[in-house]
Amino acid sequence: MSKFKKKANTKQDIPTSALPDIIFMLLFFFMVTTVLREVTINVKQRIPEATQLRKLERKSLVSYLYVGEPKKVEQWGSEPRIQANDVFIEPSDVTLWVAQEKDKLNEVERDQITIALKVDSEAKRGLISDIELQLRKANARKLLYSTILELE
Amino acid sequence: MARNKGRENPEINSSSMADIAFLLLIFFLVTTTIANDKGLLIPLPPDPDQMEDLDIKIPERNLFKIQINSADKMLVEGEPFTNDPKELKQMIKDFVNNNGRDPESSDNPQKAIVSLKTDRGTTQAKFIEVLDNIQAAYYEMYASRAGVATEEWRKIIDNLKEPDNRRLYDIGRGVDADGKAEYPMNISIAEPTKIGG
Chain A
1 MSKFKKKANT KQDIPTSALP DIIFMLLFFF MVTTVLREVT INVKQRIPEA
51 TQLRKLERKS LVSYLYVGEP KKVEQWGSEP RIQANDVFIE PSDVTLWVAQ
101 EKDKLNEVER DQITIALKVD SEAKRGLISD IELQLRKANA RKLLYSTILE
151 LE
Chain B
1 MARNKGRENP EINSSSMADI AFLLLIFFLV TTTIANDKGL LIPLPPDPDQ
51 MEDLDIKIPE RNLFKIQINS ADKMLVEGEP FTNDPKELKQ MIKDFVNNNG
101 RDPESSDNPQ KAIVSLKTDR GTTQAKFIEV LDNIQAAYYE MYASRAGVAT
151 EEWRKIIDNL KEPDNRRLYD IGRGVDADGK AEYPMNISIA EPTKIGG
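Chains as they are written, first to last, in the working numbering: chain A, 1 to 152; chain B, 1 to 197.
Heads up, a few of these hints could be off.
To be verified - Straight-line distance between alpha carbons at most 20 Å, and here's what the computed EDC-like set of lysine to aspartate or glutamate pairs gives:
#	chain 1	residue 1	chain 2	residue 2
1	A	55	B	151
2	B	126	A	111
3	A	59	B	162
4	B	194	A	49
5	B	38	A	103
6	B	65	B	37
7	B	161	A	111
8	B	126	A	103
9	A	59	A	122
10	A	142	B	47
11	A	102	B	37
12	B	155	A	49
13	B	89	A	111
14	A	142	B	158
15	A	142	B	107
It is worth saying that the hints were derived from the structure and are not from the lab. The model shown is predicted, which means the values in this text are computed figures rather than measured ones.
The following block holds chain A by itself, in its conformation from the complex (with noise of 0.2 Å):
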């Protein structure tokens, strides 16, 4: 008996120690890829998919409108409205908006912002061929129609 009791005594913990280190590896890895949100999204946003997708290298650069049906719709009504830094816009404001946005960035990439237009698949061309007039008029030439990869 006495033999068995004696091999009961050895230590039975999991080392715990590297627990943290792993766990902040995690953090770690969350915290370089976080980007916190800016805006709060208020309309539907289901992004269509495609398959020729290019990516922007200069993120500054980059300012974005959302478009689609409002989340809120009894307080906003059900048709696709534009939203610009948590704000719902008309087409003919866009214009200004684009100012706005050049005015940020360093004077001599000012022709070079590129608007990425996330738009949900529900929209109609209508509405996004206004916001595209309005941002030839405010000489913001690079479009970006945000899209997801299609997986096949």
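Starting from the known structure of chain A, fit chain B onto it as the hints suggest.
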């Protein structure tokens, strides 16, 4: 000696360290949006008010017309098109590379224009799907001319500052005597119609 009995192993209790790290980890997990800065890049034409109103006649044969109505139905070269939009890729390649063989199709790649016209009621999803296939046709032509894979080509054109990429870019698009591209990506996105229906 007796006093030291209670603290033989001076250790900081670090068992709650993991909990603290977990808390931070969960915070970042929740707030994270992995940035999606990818999409279809298109250049827009200049301001219509400042463009000279030139009435340029483009021969019918140099236009590849794609029309989409408000019910997302397509007309390609005037004929109803109900097939998979992926088939547009091959049609556009044949059209661009015609070089005057077929009298109904383009004179040469430089003059070939793909025209995409939608209605105001066309959904963005359909528009993106068709635009994606048009761009795919061109990217695939460029990539095969430069001898790289299509994905590789898109990476090359995203970073033209590298001299090596620039060289491949010129091979892919071809440069004629005037310094213009032999295979320009002529995609014309016309202003939508207001017919609806």
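- Any hints from earlier that this structure breaks? Give me their numbers in increasing order, please. 2, 4, 5, 6, 8, 9, 13 and 15
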